[in-house]
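Residue numbers (the working numbering), protein chains in the order written: chain A, 9 to 270; chain B, 22 to 335; chain C, 982 to 1271.
Hints in this document: simulated from the structure, not taken from any laboratory. Not one of these hints is a red herring.
Only pairs whose alpha carbons sit at most 25 angstroms apart, straight line, appear in this in silico SDA-like list of lysine to any residue:
#, chain 1, residue 1, chain 2, residue 2
1, A, K179, A, G76
2, C, K1096, B, L145
3, A, K237, A, N249
4, C, K1096, B, F295
5, C, K1243, B, L145
6, B, K131, A, N94
7, C, K1096, B, A305
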Amino acid sequence: MTLLRVEEMSIEFGGVHAIEDLSFVIEPGAIHSIIGPNGAGKTTLFNLITGLYRASRGRIMFEDRDIGGQPPHRLARLGLSRTFQNLQIFFRMTAIENVMVGRHLHESRNVLAHLLRLPAVVRQNQRTSAKARELLDFVGLADDADVAAGAMPYGALKRLEIARALAVEPKMLLLDEPAAGCNPVETQEIDHLIQQIAKTGVTVVLVEHDMRLVMNVSTHILVLDAGRKLAEGSAAEVRANPAVIAAYLGAQGQRELARAQG
Amino acid sequence: MAALRQPRTGGLLVLAAIIAVLPFLLPNAYYFDVVILVGINALVVVGLNLLIGYAGQISLGHAGFFGLGAYASAVLPARFDIPPLAALVLGAIGVGLLAVVIGRPILRLKGHYLAVATLGMGLLIFMLLSNEQDLTGGPDGMAVQRLTILGYKLHGVHTWYWIVGGALLTGTWLALNLIDSPTGRALRALHDSEIAAQVNGVDVVRHKLTVFVISAVFASLAGSLSAHYSGFITPNSAGFLHSIELVTMVVLGGMGSTFGGIVGAAVLTALPQFLTVFHEYEHAALGLIMMVCMIYLRDGLLPSLRQRLHWRRS
Amino acid sequence: MSEFLQFLFSGITIGAVYAMVALGFTIIYSASDVINFAQGEFVMLGGMCTVFLAAAGVPLPIAALLAIVITAGVGAALCKLAIEQARGASVVALIIITIGASVFLRGIAQVVFDKQLHRLPAFSGEQPILIGGATLLPQSLWVLGGAGVIVIALHRFFRRTLFGKAILAAAQNRQAARLVGININLVMLSSFALSAAIGALAGILVTPITLTSYDVGTMLALKGFAAAMLGGMGNPVGAIVGGLLVGVAEAMGAGYISSDYKDAAAFLIILAVLSFLPQGLLGARIRERV
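Chain A extracted, bound-state conformation:
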């Protein structure tokens, strides 16, 4: 079964077509990357898929179900989760509490029980916190569990967001520039982390500018330019695609590519 199917989708902002007539599919498993120059519509596409924006035309199907117009919290329930290009961390909470919020859908939401702190709520808090600790360990933040998120360095927050998104137990995880602003060592760690996540069976969709990272981890790449699909295929196919090289990568891109390859 196809995991995600986007059909002839468009959205415009004040007359500018941010996404135009875009169709593509994402099959379950492995790592899919969406690349393209700044303004190509990558983050807009993420916002459309996760329900933050509403497409003006077209359809989005998740597991053969039309999800157009569904609010983000419903989509989370269906198994969609994401991180953000500019961090959206709960700064007033500790690292572990951030991840615990990600467990929201797996917890009982009986407000009366919460107010009375019934024994079931106490037990549930313990389970949630244990699971969150596990995830912090998975992304390498085990020692920072009780640190206030506001006091954590940028690179750690990037990983904290990934842990929080994983806490939702998504079928599909959308990562919006997870390595942006990270140094080479941190980028390598993220690279490793993404592959680990994919190994657990979660389908990863990646928007990333770091070509070395993209070419390294992706099993499938979609190239966007000015809101339209320019090319798609395996890393090798995209690399060899003359349209991509000419229209998108340009001179600077080719240099980057050369570096990535060799």
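Using the hints provided, position chains B and C relative to the given structure of chain A.
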């Protein structure tokens, strides 16, 4: 020992201890009166802090809910022969339902718009209470029957001290429970980033509505207690300035600090009572406190104090 | 028909005041993204200062001028001492600060002046003008004229003067304005002083009709805000249209439905606009960036 260091258990024990010991330290009925007023305001503030401090949603109209609770306790027994205790409960349920109806449209708003919508809501309630003279006695207010429980009439500052003390302790316990639960985490999360909260499965609108209703019911119950305690109410209890006072208590004590809010309520309720010189300047001082707190003491009294102590220790 | 005309006249007169308050909101909001809830207190200060200066023997025109200068000074002080100090504060914090300023100014006015209702003599007699069976007070013409002069002057100020253009630029994009050398602090300071002066003038013009006291500000601020929102926050033309609409709706509601609930009209408008037209009649759509 570890449990004691948590604000939950430790703080509740301290609050219980203060409530238990205070009667032995208060010299006369006047002081009891002041402390009871503190307790009633603190009960509203504990609820309001959930909304403003934890969920980050402003309300400039909560005195409206307080007033409705107070008038439910006054009007229902006087005009419809409903027993006071039932009136108190009916008032709280009615206010809760009203909060759902009003909250649904206005909680979609953010920042300034929410502030003005809640302010308007409070003023509408105030207008209703002042204008429906046949029911409420109009701007001059009306007398309130005594609260009777199991045939026993409640009167005297000592009785009321324990009632209000018990109510505050219970309210604080409930609030602390909520904060340390999935609902509480969702509220704190949507305060920092509504988008991230949604993406993590939090139904933002529903949670805002939940906390709005809870805080409204807290205010209604406190209003009922206040009406029965003082035996007389006027529409001013639902007025704009009372709403502002309540917000100032939250801000002064510390947004997002339940015990801070109680301290804020204590300071702002007791100060004008003990400094009569202060009386003429009460409003000017109220405004000044709001400004100074937000500019220089953004965390509020209690959290700032706690931080300073930490500093000295390390 | 004459009844309708009568309600319309009083609605337009009071609407012109709301329009001036709404303009004050709009100017400050454009320059600083702050909604100044103390805007109503500027109207109160204009009226009260004039009343008390006139009572102390100062000739009315000079008293009015002094009142405007004093209020503008208060506006500037509010910007300098509170808003500028609170840089980077959250929206909720800024709301509490300006509400605090509003309560503070009320409290001070109650001590410096008193708690009584005050009036000023009408500027050009009390003899009502008869139009189509309805009466119009000459003072209403003063209010409408004053509002008209302010609108024209503001239009010229924003279109013709460099400083006006600087404020518009700052409203468009603060960062970019700073980069081209616009002094943002000065822009904010003058927008507060200007709004305060406009509010004060509105207060002086309307006091002969509606009377004034230390606590008229809150209602005026709310209705002015309703007007600004109805017209689309940050849009000067919208502020004027919104002000007149709120004024007329209120006068019609009071005339035909119930005068007890005349103040409710503004809030019902607020709630309706917020629920159905969150961008206002003339506002632009804004989308949150992620």
